[in-house]
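Protein chains: 2
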Amino acid sequence: MTIRIGILGYGNLGRGVEAAIHQNPDMELKAVFTRRNPASLQIATPGAQVLPVDAAADLRDAIDVLILCGGSATDLPEQTPAFVRLFNVVDSFDTHAHIPAHFDAVDAAAKQAGNIGIISCGWDPGMFSLNRLYASCILPEGQDYTFWGRGVSQGHSDAVRRIAGVKDARQYTVPVPAALEAVRAGQNPVLSTREKHTREVYVVAEEGADLDRIAREIEEMPNYFSDYDTTVTFVDAETLAREHAGLPHGGFVIRSGQTHGGHKHIIEYRLQLESNPEFTGSVLVAYARAAHRLAQEGQMGAKTVFDIAPAYLSPQSGESLRAHML
Amino acid sequence: MTIRIGILGYGNLGRGVEAAIHQNPDMELKAVFTRRNPASLQIATPGAQVLPVDAAADLRDAIDVLILCGGSATDLPEQTPAFVRLFNVVDSFDTHAHIPAHFDAVDAAAKQAGNIGIISCGWDPGMFSLNRLYASCILPEGQDYTFWGRGVSQGHSDAVRRIAGVKDARQYTVPVPAALEAVRAGQNPVLSTREKHTREVYVVAEEGADLDRIAREIEEMPNYFSDYDTTVTFVDAETLAREHAGLPHGGFVIRSGQTHGGHKHIIEYRLQLESNPEFTGSVLVAYARAAHRLAQEGQMGAKTVFDIAPAYLSPQSGESLRAHML
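Sequences listed follow chains R and C, in order.
Going by this note's numbering, the final residue of the first sequence carries number 330, and the count climbs one at a time with no gaps.
Going by this note's numbering, the final residue of the second sequence carries number 330, and the count climbs one at a time with no gaps.
One should not assume that every hint holds.
Mimicking DSBU-like on lysine-lysine, the simulated pairs with C-alpha atoms at most 30 Å apart in a straight line are [stated by the list, open to error]:
| id | chain 1 | residue 1 | chain 2 | residue 2 |
| --- | --- | --- | --- | --- |
| 1 | C | Lys200 | C | Lys268 |
| 2 | R | Lys200 | C | Lys268 |
| 3 | R | Lys268 | R | Lys200 |
| 4 | C | Lys115 | R | Lys268 |
Since the hints were derived computationally from the structure, they do not count as laboratory data.
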């Protein structure tokens, strides 16, 4: 009996989830729900349905876990509490400051309906959070460092695209190698924003646009760029399409601590991802397996990666995991 | 109300556990149990008792979790099933091939007594196992690599000490940088034992011993050294004491996989530990907290790191973890 999955939202992340389902033989994609015209969608799974979002309620008994692939700004705050009334759900809500409120809203709705809602699965929040938690529990005295990149920040790319005269743009967040090395060497440096990351921007400008003015507007943009050393490079549309089409990302979570005997210890977790949405989709799918199992045990309510024993993510039995992976 | 801890066995690991308890204000060391003469032990915790092992049963009601700090070869296979009949226990059993049998023995005894027994906590097995599990669940298609070191292998050091003419020795396991770089670069190399690690041995020889013969016996020792490129360096006792007194260790767990869309992803977990026993002791203490909580919930039986939700390791509430660490 496979775990029957639904996907809500078929952008980059929805396609990443679909790709991940193909790698997990205990799972099956039953339906994709979209706000677009279903006939306009070409999905990669023969046999799965493409349906309007409104039709989701009709498939309540045909789907074990619904994976929500909308955005954190406006989609998920509404969708996750709404759909957990109908399904076990998993989302990748990533607005760190609003996680407590999102958790409470999902928890209340999930408990009323008797379903499971796992929120904030991905890599940050998600795998990075797990590593922050494990490391801080093992080394209560220490410093945490998170570096992101080298990778594409969609929010920063969008911010540049809103500047007059910019046709298209791609922004990379890049950790500063010297800062990373100082942390890895156990020096526990105090690092300013500028010392931790640099920003690289590739811009396609409109013909005749004032390039100096565009570069200055980028470099001086508050919150997004003004606290960073930023490099702006103007390229043509073909170069952007050829060299900057991907969505790589990754980063480092490092805890540098010491035990009571005075010895130093460094715990480092690093991700190098060629495709941010495909990796995030893979995390969501692993937690969808956990959601299904927790629901089968009769558990309900909102959960995060902190609340879920690692074995729930694996298709293998406890015996097999102990024999082969411990 | 603090969590009251007992330590069984006061070698390097027992002292590491004691040091870790000092960093966790929600815990308190009540007693150290030893097979040596208790009067001969000088412990670092004022107010804690030092008692013979036989006295442990008398402190059943005074101790919430007993941390077993014996060796995996002969101590733990007997001690963990025996003491889980009296206490909730945590051990660092690390003979990978015998974990399933150890689990079964502890599980049966723990369920009979209504206690919790968490086995194989440390870094390998332990944190390395967790990272193997998480990474393989997220990237079902991929290759796992584990590198150990640079660090002291006590088993290899002991093996060298048994050679005639050797007064003392210290063996370091060292990952081969080129192999590590090939893995990190996503090349998925097939690596022989020799290609993954080298071994460095520092030997204090007895006066007049045949150094060539000792070096040859080390390099040709089956299982321990013959499959590796080994460097033997003869030093005097003072140099060994000055430069090789510590017990550093660490290593890397890397999964190099790809998602269905064909993109590559590398997940890397790295430890750099100045003191293997102090770090292992810190992991044991974090899981002792989990053991206490699971027991308070009425759970029983054997558990491993795979079975325990990460939040159980932390003294913080779920609310606090979600607000600050997710």
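For each hint, the structure was consulted:
| no. | hint | in the structure |
| --- | --- | --- |
| 1 | Lys200(C) x Lys268(C) | holds (22 Å) |
| 2 | Lys200(R) x Lys268(C) | holds (26 Å) |
| 3 | Lys268(R) x Lys200(R) | holds (22 Å) |
| 4 | Lys115(C) x Lys268(R) | violated (38 Å) |
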